[in-house]
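A.B. asks: Listed below are the residues making up each chain.
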Amino acid sequence: EAGVTQSPTHLIKTRGQQATLRCSPISGHTSVYWYQQALGLGLQFLLWYDEGEERNRGNFPPRFSGRQFPNYSSELNVNALELEDSALYLCASSLTGQEKLFFGSGTQLSVL
Amino acid sequence: LAKTTQPISMDSYEGQEVNITCSHNNIATNDYITWYQQFPSQGPRFIIQGYKTKVTNEVASLFIPADRKSSTLSLPRVSLSDTAVYYCLVGDAGSSASKIIFGSGTRLSIRP
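Chains as they are written, first to last, in my numbering: chain A, 6 to 117; chain B, 81 to 192.
For the record, the hints were derived by calculation from the structure and aren't laboratory data.
In silico DSBU-like pairs for lysine-lysine, Cα to Cα no more than 35 angstroms straight-line: (1) A:K105 / A:K18; (2) A:K105 / B:K149; (3) B:K132 / B:K149; (4) A:K105 / B:K83; (5) B:K132 / A:K105; (6) B:K134 / A:K105; (7) B:K132 / B:K83.
Excised from the complex, chain A in its bound form (with noise of 0.2 angstroms):
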């Protein structure tokens, strides 16, 4: 069974840029967490989707933003990016009402 899978796994912007993050889900999950980790930090909640709704978001700027499609998949989008944007970006996908997250590998972005 593929586990959460993410993409791109780098991503280099410069600074003003928009960038895209893509998550698909185990098969079977609903609900998609996303999380911003920079380096040698723990993980900062983002955001969380569950059937296709936004069901809460962490202490972060509205140009961070994403979707939950159809099929659970989920993209965050963050614009006007800044340097201190730079970090790893985690998404974890579980079973609705269910504590253990199943994380991907992560995408990597750098601004530059």
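Let chain A serve as the given structure and place chain B on it in line with the hints.
C.D. replies: The following block gives chain B in isolation, referenced to the frame of chain A:
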């Protein structure tokens, strides 16, 4: 959501048993306790989850006292490959207000 407190770092040697304790004084009735392991540049990996007493799987044991205000992850006979960051999480993913929040984690270093 219950806040968790863990040691920032721990050191041990190969073959030893390692116990990492997490404090969660404000745990709610519906909350589960979940532990994850993270290697550098990878997403966290689920280790074990429990509600009360003791849970054991092929990689670890989780001890939860009757008051559930703390929990201890026990790793038997650690090896160099157990060097990682370990996160303790407490929450109820079934709640619509749920955000699965990761704390700072415990950086475990295993020496030969």
